[in-house]
Amino acid sequence: MEKNNFYIELLTQNDTSKNLVKTKNAFIKLMNQYRCAMLEIETKLRVLNMDLSLESESNPFESIHCRLKTPESIAEKLRRKSYPYTLESIEKNLRDVAGIRVICSFPDDIYTLADKLCSQDDVTLLERKDYIANPKPNGYRSLHLILDIPIFLANETKHMPVEVQFRTIAMDFWASLEHKVKYKKDLGDDSAAISEELRLCAEDISRLDIRMQQIKNKIDRK
Numbered sequence: 012m013e014k015n016n017f018y019i020e021l022l023t024q025n026d027t028s029k030n031l032v033k034t035k036n037a038f039i040k041l042m043n044q045y046r047c048a049m050l051e052i053e054t055k056l057r058v059l060n061m062d063l064s065l066e067s068e069s070n071p072f073e074s075i076h077c078r079l080k081t082p083e084s085i086a087e088k089l090r091r092k093s094y095p096y097t098l099e100s101i102e103k104n105l106r107d108v109a110g111i112r113v114i115c116s117f118p119d120d121i122y123t124l125a126d127k128l129c130s131q132d133d134v135t136l137l138e139r140k141d142y143i144a145n146p147k148p149n150g151y152r153s154l155h156l157i158l159d160i161p162i163f164l165a166n167e168t169k170h171m172p173v174e175v176q177f178r179t180i181a182m183d184f185w186a187s188l189e190h191k192v193k194y195k196k197d198l199g200d201d202s203a204a205i206s207e208e209l210r211l212c213a214e215d216i217s218r219l220d221i222r223m224q225q226i227k228n229k230i231d232r233k
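For what it's worth, the working numbering labels the leading residue of the sequence shown as 12, then goes sequentially.
The hints are simulated quantities; they were obtained by calculation from the structure and are not laboratory data.
Just to be clear, a hint being listed does not mean it is correct.
As the list claims (entries may be wrong) - Lysine-lysine pairs mimicking DSSO-like chemistry, simulated, CA-CA at most 27 Å apart:
(1) LYS233 - LYS55
(2) LYS193 - LYS127
(3) LYS88 - LYS169
(4) LYS169 - LYS80
(5) LYS55 - LYS35
(6) LYS169 - LYS233
(7) LYS80 - LYS92
(8) LYS103 - LYS35
(9) LYS193 - LYS80
(10) LYS147 - LYS127
(11) LYS35 - LYS127
(12) LYS233 - LYS88
(13) LYS140 - LYS191
(14) LYS92 - LYS169
(15) LYS55 - LYS80
(16) LYS103 - LYS92
(17) LYS40 - LYS88
(18) LYS169 - LYS127
(19) LYS92 - LYS35
(20) LYS233 - LYS127
(21) LYS147 - LYS88
(22) LYS33 - LYS88
(23) LYS169 - LYS147
(24) LYS140 - LYS169
(25) LYS103 - LYS169
(26) LYS40 - LYS127
(27) LYS127 - LYS88
(28) LYS33 - LYS127
(29) LYS140 - LYS33
(30) LYS227 - LYS193
(31) LYS92 - LYS127
(32) LYS92 - LYS40
(33) LYS229 - LYS92
(34) LYS55 - LYS140
(35) LYS227 - LYS140
(36) LYS147 - LYS193
(37) LYS140 - LYS80
(38) LYS191 - LYS147
(39) LYS229 - LYS127
Based on the provided sequences and hints, a complete structural model is requested.
Put into structure tokens, the structure is as follows:
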């Protein structure tokens, strides 16, 4: 869906040029607010990474990636969930417009970072889904948090949701491959076999993560 079409669909009653410009500006403002919230959480994670690295002599996470949903992706989710095409609907119903993916070396680092982040005074945990302890049927593993964070704007303080996903390097590699396979259209009769192979790979990766964690723990005790 083209961006202009998305803006037009947000106009529930009138689609005059004047209203279209107004809605575009309001949408851009809202996206900037999500971006500010995302940057707040990213900064907190980077500060935690530096602080915890002084205690353990290693960084809890290897990399961090931020993204805002595109207008097309937002429109698709509104349609899929049968939500209204309004700015109010986006704020009320979508909590993953701003997203952060944190890639850690070891499973323990994931839980340490998540717990430290959620314990901060201005961060409120709205939702937690632990797909590491309870993997999805296809083998997907990750820790998902929906966090509420205040942003301080020129004329107001506003609370915004941010989704944070924590994975190990191995989990992220698996998720990237699974995503490519999921959206490939010409798998045909091989689809079920490939999905099962990926699920088995996810189990192997989980065992590898546990073994690497155990090795790290032995080294740290020396």
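Handout entry: Hints that the structure is at odds with (numbers, increasing)
Key = 1, 2, 5, 6, 11, 12, 23, 26, 27, 28, 29, 30, 31 and 33
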